[in-house]
Each structure stands twice: as C-alpha cells, then as structure tokens.
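Protein chains in written order, with the numbering used here: chain A, 10 to 376; chain U, 10 to 376; chain Z, 10 to 376; chain C, 10 to 376.
Keep in mind the hints are simulated off the structure, nothing from the lab.
Just to be clear, a hint being listed does not mean it is correct.
Since the list can't tell identical chains apart, any single copy or any two copies may satisfy a pair.
Stated by the list, open to error - Each computed BS3-like pair below joins lysine-lysine, with the alpha-carbon atoms no more than 25 Å apart: (1) K287 x K112; (2) K112 x K249; (3) K138 x K189; (4) K341 x K107; (5) K112 x K304; (6) K125 x K96; (7) K96 x K107; (8) K232 x K341; (9) K46 x K304; (10) K371 x K287; (11) K341 x K287; (12) K287 x K35; (13) K287 x K46; (14) K35 x K232; (15) K108 x K96; (16) K249 x K304; (17) K125 x K341; (18) K371 x K304; (19) K287 x K232; (20) K304 x K360.
Protein chains: 4
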Amino acid sequence: MKLLTILFYIQIITYCSVFSQESTRKELIFPDIFGLKTIKCDFHSHTVFSDGLVWPTVRIKEAWADGLDLICITDHLEYRPHEDDVKGDFNKSWEIAKKEADKLNILCIKGCEITKRLPPGHFNAVFTKDNNKILKDDFYESVNEAYNQGAFITWNHPGWLQPNSIPVWYEQQSTVMHNKQMQGIEVVNDKYYAPLAFQWAIDSNLTLICGSDLHNPSNMDYKCENNSHRPLTLVFAKEKTEESVKEALLKRQTVIWHENLLLGNEKYLNELFENSLKISYDTATYYGNKTAVVKIENQSSFDFEIVPLEVETGLNLNSIGTLYGNSTNIIKAKYKGKFEITKLELPIIIKNLLIAPEIPLKTVIIL
Amino acid sequence: MKLLTILFYIQIITYCSVFSQESTRKELIFPDIFGLKTIKCDFHSHTVFSDGLVWPTVRIKEAWADGLDLICITDHLEYRPHEDDVKGDFNKSWEIAKKEADKLNILCIKGCEITKRLPPGHFNAVFTKDNNKILKDDFYESVNEAYNQGAFITWNHPGWLQPNSIPVWYEQQSTVMHNKQMQGIEVVNDKYYAPLAFQWAIDSNLTLICGSDLHNPSNMDYKCENNSHRPLTLVFAKEKTEESVKEALLKRQTVIWHENLLLGNEKYLNELFENSLKISYDTATYYGNKTAVVKIENQSSFDFEIVPLEVETGLNLNSIGTLYGNSTNIIKAKYKGKFEITKLELPIIIKNLLIAPEIPLKTVIIL
Amino acid sequence: MKLLTILFYIQIITYCSVFSQESTRKELIFPDIFGLKTIKCDFHSHTVFSDGLVWPTVRIKEAWADGLDLICITDHLEYRPHEDDVKGDFNKSWEIAKKEADKLNILCIKGCEITKRLPPGHFNAVFTKDNNKILKDDFYESVNEAYNQGAFITWNHPGWLQPNSIPVWYEQQSTVMHNKQMQGIEVVNDKYYAPLAFQWAIDSNLTLICGSDLHNPSNMDYKCENNSHRPLTLVFAKEKTEESVKEALLKRQTVIWHENLLLGNEKYLNELFENSLKISYDTATYYGNKTAVVKIENQSSFDFEIVPLEVETGLNLNSIGTLYGNSTNIIKAKYKGKFEITKLELPIIIKNLLIAPEIPLKTVIIL
Amino acid sequence: MKLLTILFYIQIITYCSVFSQESTRKELIFPDIFGLKTIKCDFHSHTVFSDGLVWPTVRIKEAWADGLDLICITDHLEYRPHEDDVKGDFNKSWEIAKKEADKLNILCIKGCEITKRLPPGHFNAVFTKDNNKILKDDFYESVNEAYNQGAFITWNHPGWLQPNSIPVWYEQQSTVMHNKQMQGIEVVNDKYYAPLAFQWAIDSNLTLICGSDLHNPSNMDYKCENNSHRPLTLVFAKEKTEESVKEALLKRQTVIWHENLLLGNEKYLNELFENSLKISYDTATYYGNKTAVVKIENQSSFDFEIVPLEVETGLNLNSIGTLYGNSTNIIKAKYKGKFEITKLELPIIIKNLLIAPEIPLKTVIIL
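Just chain A, same shape as in the assembly:
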C-alpha cells in the first residue's frame, strides 16, 4: 500500500518533468576586464515566503533563463502577508531555491530584507548565515546581528515613499555608515534609478548596487514586448564563487545595468567599452577628401550610443551613432583638414555610460 503510493508519485513526477523540457537561456555578454570575471547579479528578490508571488525555485529558473549568474533571495523579515497559508522559517525560501540553483549552476545567496518603517526604511543583508536571528524589533540590533554574521548590507530604494521619490538620508543611515555596517546603496531598484543615490555612493564610497526587487514573475515586469530587461549588477570578481563576489562587493567593483544605461566608475566603464569592440579600418578618397569608413564590431549585448566631439583635428561626425550589440556597425567619419594623417583619433562621449549623475564617459576611438 505504501509502495503503491510511492509508485504513484513517481508517475506524477515523470509527467511533470515534461513541462520543463524547453527552458532556454540566452547569454548576456559583457567582457571580462582587468583579469576579473564579469558576474551578472541580482541582489534583491522575493518569494511567496514573504510578499512575493512565486515559489522559490522560480527565482532560480528565471535567473538562469534571464542570463544571470547569481541571485539573492531576500524575503522580508517583518512583512509576510501569506503567513496564514505559507509556513516555514526565514531560511526556508533560500533552502528550497538553493537545491534548484545547484542543478543549474547558479549562485544562490542567502539574504533577507530588514523591513522597518521610515526612518530608516528597508535594508538588505546578503551573505547571511541565519535569517531567523536577524529579525529584531530594533533596527540597530538587526543590522548588528547581520553584520556579525558577515553580511553585506545595502540601503534599499532610498527614495521610497518620499515626495517625488527623491531620496532622504536620515540619522540612522549616518549611524550605520559610521559603524561601517552599511556598505552598499541601491542606486537602481526595479525600474527606478535614483541619481541622488548615485552621487551619495560616489561621495561616501558605497558600493553601487542594483536590485530587481522582484515580487511578480520576472517576465511579467520585464516584458519582451516592451523591450525591457531586468536591471543587473555586474560584479568584477576573481572567480564565480560566493567568496569572490563578496570580496568584489567590498572593493566596490560593480557597474549597474539599468535599461539602456551603464552606471559606474570611469575605469570599469571605459574598460567594458574598449573590450566590447573590435575595429577594422578602411579608407576611401572622394573628390580629394579623406573619408574613414570604419567597421566596428560590438561583441557585447549592450548598445553603446556615441556622440562625436568636434575638435581641432578636423573630424566632424555630426550625429549620434548607436553601436548595436552583437552586431557590426559601419560608421563614416570625415576629415576636413588639409594634411595627411595616418592615425585618426575620434574623441567621443558615450551618452549612455554614466560615471556620475548626468556625466557621460568621454573617451577616444582610435581608428
């Protein structure tokens, strides 16, 4: 009788497996830089164990299909609207997700969202050991416990509930900063980018963090039809391991990918740009004029929007050009000067790489 029941379940599982046969992953391509691996991470997500709307394994399947390498499960500690139906302690959602993650070679990081009213608002602790111990009435005690567990702590969506969504920095933020217990700040949360948080990160040496804060299934919020993608944090780490990623976070080795923008330190953005391109050069002379016809292959998945700068070299390329990802793009540059030159340098700005709020990266394409 017992055996029959077991056999019954085997059959069910055989059947169910049919439905998962066509999972597909399209790789998101960003070059490795400075000898480090570029790890694609989402540091903020929810499941039915707090107010999310999917079973924990879905977060893993989505991460895999969306081209990620790492995801954090960060269910709320203080807010669990499904608790009448969904039981289990504060580590349970991670435990369920972790098994699926191991099969798919996704790093699944344990975390939780310390969910306090304003001030100070919400904070994520990731790389935690036991979320149950972090739930405390007092904000500082929670942060302290997470910190003692070795967690990396981030201030989430700093503009949340503020007028016009403009971030407000409270005393509590200053305190945990002073205690070195707040290492990161969410410059992008879901579809919302907070320029002021970007500036604060620069001024206070906080790690740039981005979190999807997914509650819905991923493809419901980031619809292919609307050409939107989940926001990511690119982490430049020695290896694709938990330890390496954590080390890289502490060294602030991150860049944020939000919509068609990359936000980050100049040196990382410049290196990502240069390592994404392959340039081949060809010239043609028309009516005595020098015209450079350049083929630029962009091997990354990112579309770079470039604008040439007018300078004394005489180059003039009077329009924006988009170097589409996974494509080869043809750019014509005209030389207006009188003299032969053998190496053209095209000074440009890249409109959608920001090294600070509203400040695009300046660089030079050498043709």
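Keeping the supplied structure of chain A fixed, place chains U, Z and C upon it in accordance with the hints.
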C-alpha cells in the same frame, strides 16, 4: 501599539503598489459569431497550493495580461508536494484568486484535478462547488461527487505517459462516458496536440477542450522571444458569465487555438474566418489579361494561411499566402480564361484551420 | 512574331506578380480630432532619378506597408549622380510612382528639392506642377517659379553641415520668409530633430514639417530589429485629398512623430491624447485608504509616457507610467487626504509630447 | 566656375554620407565543417537594370546587413521593362555593385538570367565574363556561350507557371544536362520550396541551389515582423574567394536554408548539427529513477527541432524539443530501465533537417 502595526502595513502596501503600476493587456481579437460572444478561456492551471509555482493571484494577473476572459484554477487533489510549507484546503487557491479576478473583470472558475494513476489518469472538474468533497480514494466516487456538484468534467492529456504520447482509451473512460459524466476531452494540453483525441471528440460528441496546464509563470513557458502563445479555448457563449460559458461547453460550442492552428467544427471555423475579413476589390488590365488586385483586411489576431485550389474558373494563384492578423494584405489573383467575369470566386483551403485531424477547411473567397 | 513577343511579356508578368503577393500593411492608429481626418504623411523622399537608391514604385509600396496615407517624391534638381544610366526629366519619377499610388490608394504628391550650396541650402517644393521649370541657377528664381506653380515650400534640414548640426538662419531665409514664399521648416529630417528649428517654427508661424529624406529602402534605415519607425507628419485635414492636405499645411495643422516623441501645438497634442484613451474606473479601500485602480485603454499606436504631478489634492503617484499603444494599462493612484472624493483628477505631464523644445504637455486625467 | 561645381559636389556628398552611418550587420552563425569555411550565399537577384526595383549598390548593402558573404547580380537578359529610363549594357549593374562590395568585403559575382519562355524557362549563369555576349535568340546558344565563359549554370524555379507549381522537366533540360552544361537546380526560389526539384537534384547529381530572386528591397519581402529571413545557400569552400566557391559548387558542397529548414546531403547536415552543439551533462536521482538533465548550448543561429525515438535502451522523451539558436537549452531525459548506465545515447530525428523530400535526419545525441 496595535495601531502602529496597522500603520506599518499601510506603508508597506503603498510601497508594493508601485510595482504593479505598469501592467499591460493586449487584446486578442476574434470576432463574435452567430450572435454569440467569443470568450477566451484557459480551463487548466496550477498554483503553489498543489505543484504549481505561483501564488493564485498570478494566474489572474497573467490571464488579464495575456488577453484572456476566463481562467480555471484546477489544483491537484491527490498531489501536493509543497504541503509541508503551504497549508489550506482545496478551495483556498480559488478563493485567493477570485478576489483579484473580480478587480480585473476576469471570470475565475473553481475547479480541481482528479489525479489518479493510469488507468484512468487525470480528469478536470470545473464549475465545482466544494473541492474538498471531491477528494476520494475511488475514481468513480470522485467523478460522481463532482458531477453531482454540477461540474463539467474533462479527460486531461489523454496521451500522458503513453508510448509516443499516443492516447489510450481505457474501460474507465467508457464507463464515465456511458454515465454522461465526462463531457470534454483535452485535445491540446500545454504545447501538445493529440490528433487522436481530436478524432475521438468528433466521434463521441465530446467538447473540444484545451488547457495550458500551467505550473510555471505563463511567460516562462510561452516566451515572447519564441513567438509562442498560451493555448486557448474559444467558447461561443450568450454572455460573458459563468452560466453562459458552462451552457456553451455543454453544447460543444468551442474552438481550440494552439500555436498557429484553430481546431474545431467547420461551421465555427468558417464563421470565424469570414467575420475576420474585410475585402475590397480593384482590377487592372495588363496586356489584355485580367488581374485581380485584392486588399484583404484581417481584423483578427490570427494569421490565416491560405492555399488556392485550381479549378475550372481559370483562376491560378500558385502559392501560399498568409493573411496576417491585424493587417491588410494584398493578394494578386490572375484570370487565365477568355471571358469577362464580374464576380470572382477564389476556392481555397485554409491550411491552419482543421475541422478534423489533418483535414483543413475548404471555403471560397468572393472577390 | 510581334504576337509572340507580346505573349512572351504576358508570361513574364504573370511570373513577377507572384513575388508581390504578400504585401502587408499594419495600420498606424491616431485618432481623428476636431472633426478633421488625421493624415499620415512623409514630405521628403528620393529615387534613382536623383541620388536615391530605389525605383519610384518602391516609395509607394513602402508607404503603403509602413501605414502612410501620403508621400512626396522630391528628387534633387541639381544633383543626379546616376544620370549616366538613368534618363528622364524632372517629373518622371513622380509619373512612375503615381500609377502605383493610384492602385494602392496612396496620395502621391509631385515635388522637387531645390538643392543649393550653403547659404541657403536645400528647400523642398511640394504640390508643384512642372519640376522642369523650377531648375534655375538662381535660388530666388527657383523659389519664385515653384511659388507661382502653387507649391508649398519648406526649408530642409536647417542644421545640415553646420557645426554640431545647429541650424543657422541666413539672409536668404529671411528674404523668402518676407516674400511669404517659405511656409514650412523641417524640424525633423531622417533621424535628426532640431530643437532650434522647432523654436523658430513657433516664433515665425512656420508649419512644422518632418521628412524621412529616404535614399535607401525604408526598412534599411528604420529597422524593425531596432524598433525604429519612419518619422511622419500628421496632418489634420478635412478630407484625404491633395487639396485638403495642402490647405491644412497652410493653416499649420500638423504634428510631428519622431521616435517616441510627438511635437506640435498644445491643442493638437492634447486632443490626440484625450481621443486616444478610454478610461474605466474602479476603487478599492485598503486599511482605510483610498486607492484608485484605473484601467486606461490606449487605442492609438503611440506609447504615452506620463509623470504625475504632486499637488494639494493629495494624489501621489511616484513614478513614470507608460500607457502602451494598442493596449489596456493599469495604473494605481493613491489618495493621501482625509476626505471622500468622488471625482479624482490626476494632473500629469506627458514627457514625450512636446509643445516647444523641452516643454512637455501638462494635462489632467479625470478618473 | 568649374571649381565651384566640384566644391558643390563635395558638399553634397558630405551630406549624403550622414545617412549611411548606422548600417548594422548581425552575423548569421553556422559552424565551419570538414576543414571548410561555411560561406553564406544568395545566387539570384535583380536590380533596376532589369525588372528589379533597387539600385545595384542596395543589393550589396542588404547582403552585408543580412549577414551574407556572397551575392550574385543576375539581371534578366531578355526582359528589361525600365529600359526607356535605365540605360547601360548587361554588365553595368554588376560593375556598380562591385565597387560597393569591395568596400564591405562582400563577394559580388557577375551573372545573368537567361530568360526564355517555357519550355525551357529561366536559367542563371553565374561566374560569367561578359553578359552582353550571352544574349542570344537561341536558348542553346546562350547556354553554350555562358558555359564557354566558365559559368556555373542553374535551372531556376522549375515549377514556375506550372499547374500547382509542380516542376516539369522538358527535353531542353535533358539536353543541357547531357551536355554537362547544367550543374545546379533551384530547389528553393524566394519563399517557394519544390520537393520534386530536391529529388531530381539527388537523382541527377545536381548542385542544390537556392536563390532569393529579389526584385523588391530585401526587407520588404522578408519582414522582421513576420520573422522571415532571406533563403540562403550555404557553400562549404576552402576559402572565401570566388574560385573556392565555384569549385565547391561544382563538387555539390551546398546546403539550403529555407524558412526553418535545412535541406542537403546527410553528411553536411549531420556535421552542421554536431558542430553547432556543446553538451554538458548532469544527473539527479529521484525516487530511485535515473533522470538525465542535460544542458545543450546551440551556438548556431538555427533552431533545431528534435524528436526522440523510442528504443530498447529505455529512454523516453515523449515530446518535441526545440534547441533554440544562440541559446542554451535544458532537456530532461528519463531512464526507465533497471540497470545503471554510464553513457546515455539519445536517438533522435531532427524534424527540420531534410536529407531528401520529407526524410528528416536521424542521428544520436550522446549525453
């Protein structure tokens, strides 16, 4: 203290609502026919309350966004792998979903999947009153209880676990058919179409039913990138109400939309085709020849694939033409005969409208 | 022998027609406003008869497939780089195109581009009678002849060849303006929008004109893969006739559609917005708070990007929402105040409707 | 005065170049096989110099943007409907195209279409030296001249003008075959695949050729919106040079890519399939059962549609799986037998690789 807790939750909810602001629905357009409304239905889906992977409200949000009018929640009675963590009786998933459905004007039908080993396999009961009472060890008792509650009962995925997925009809099926307790059969389940089940439906006067059998989030299985859509049952009902849909099911007033196929009775398919088109006519004479240049507007969301039949009228249109949905399509037809004609009739088959397995609809376009 | 030749050609034509059987048009939907028809126009295009790269009939087929109602053929008078191979006078490209246009019910307007060096640059004359007579060495004589033929005259791409593409206004522009012989200005040419030209149009009562200036095939420059569309001028005319469109141009009844922007007079933009939407209202009370859940159907093909304004009514919708075209969109608005209100007014700006350079439309959605 | 004219043109050209700045090429990826390069070719296209609708340079720009390596310009000799306006001998379209091709590193092959009434219909001669000499009243004389110039000769669209488009083989075809002057046959022309021509090619050792036969701009006939692509001939050649491609054609080293089908010799199809995949293996045991979870990376641009074969090894994978291109795909295979096995072999058919009409490739995936 209690007040503070309440206020706390208000804040959370305010925040969460931000994430659901950009839900979008693209209407699926099929014409109403014979004075009946064309209701877009999915009769088979799961939630975390059985082996599904989403919270019940997700099934409603997805139904709305995917352009549906009606969805059934049909969690397994006998198979609940999450039961260590997810509690609640067999009506609970429907109760949660129903509240969301009312807000979005989606019909949410209570149902359950009677989940027995082969034979006889799985059956859906929809329009049930109390799922808890339907769970019984004995298959016939379960069906009987569902029937007595007024449920519409369907044999699910008849090829499940069979060699090469070819359906096998067992004694149990004959028995419940004989008792008039099985009214429908899943000709399409998820991505799988069973031609033999289609033939049985025709031979035995069973209602053609199609179920997505969703366990994952909808957009994970039916990816926009792969141009796939969730399979639907079109029900031709007097009104968009539970009662009307049930009545229409009992009268077998359905057509199945699977990939780029419509499967159903000739009269419904023909009427859907004719009511989808607007034809405007124009002629031009070249070198003494008669050429009909026809603009055909296809107002539905469905792409009809037509192939002209060569007949004695002298028309020859030697290739397939696709009448793309939501578009106007230009077709050129040439007249080879000698005489003036004032009304051209173009006999065609529509390759992707099937009135029986492998038998496409034949019809005539009158130009 | 002669007969054989004729029969030979018949056969060829039969064959060729096969290749044009699947032309498809997806309608671009903008509402009619103020009792006028909204005509979708492109006022600037080239063919192999000047430096364009397609046969004139292609401009018509493209216009039809791209959802346009009207196209101008405006080949250069002074620049014909293919003239060793392509013969024919300055009206010939229009004559060839016109025959195809009549079949497809597209308005095909005769025009030409008066192509002078800077200053003053290039001008389009559309609604011309005989382009051959307009070719003159002297700029003023050309414009005068075009004007006397009843042409509508537009200054093309005012930033062409200027440093950083910033428009420069020359004495010649002042002279023809003074003579009332220049009625329009290209605020958008191809992919380039000139904010200064927009301002000049407002200041000098010039008609806002947009031209694709197509030389390549349309789908080569505006690729579906890149989600780009050909820029259009929407003209609000009494009827879809040449005369009505010309009358509307003289009355400056136009709006420009460039990328995801509409540029134009406040009254037209506001009316387009209001007539694109259908709003249905529903409320729900959570924890004593008033939350408006609004379904907004956007029946146009345009995606409106709205941002709520914070005002004393207590409404706060702290994020951008996109009302996607051909879709129903759900927006949640929260009421923070204490009193019951029966009609909610949501003051917004629409980020991508510009009534002047950098000035978005302000309006109110009445829920 | 003369100087002024020259300066005038310089200015114009400066301007025009602006419009060609954003040309983009997305590489079509097929693996090189058997130490040969896989060259992507289109052997049939038209320009305004016969009945095509684009300037010759457009065929090159399109070829580049569409991911091709080689294109033939094959204007009709006997049919030139634009000849009142477009002058130039039968080599002119190739000469114009060739200059553009050299800039973009596209192989541009000189050819022509010998355009006779039925019988025998149309033949392409490619790799010709002087098209002017090939125009003759007599079909055999034309073919003979082309052959003597070293051309590769193909029978085009064998079903053209035949009832139901079924190919008819005439005496003339036999004669030129017998003379070894017909080496290829168009199995696919534009959107039309002729299975009978495929069978003839196999039976008579003719090279499988595919031609787009483009008259319109490429993106007008193969619309991104409809997910259609231009049909291609993949040629397996020692190098990307004219000589190597011609040699490979004579050795019948080709495969045709039509819609979602590859047509060709078993050895090429099998090698393309195997060299497109990277397989990584993982196992998991559930309830004593062996389940193979396999990640298969498909590095090509082609979607392989696989169906498992039931065999005595006990493997059962009862559904179709699509291995999407440029993606990693997860497949679950279940082992039903009793014994441990260390290497799983999954016998499959690939539905959309055809080694003869209606005969799919059978192969084995080794897990």
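Any hints from earlier that this structure breaks? Give me their numbers in increasing order, please.
Per hint list: zero violations.
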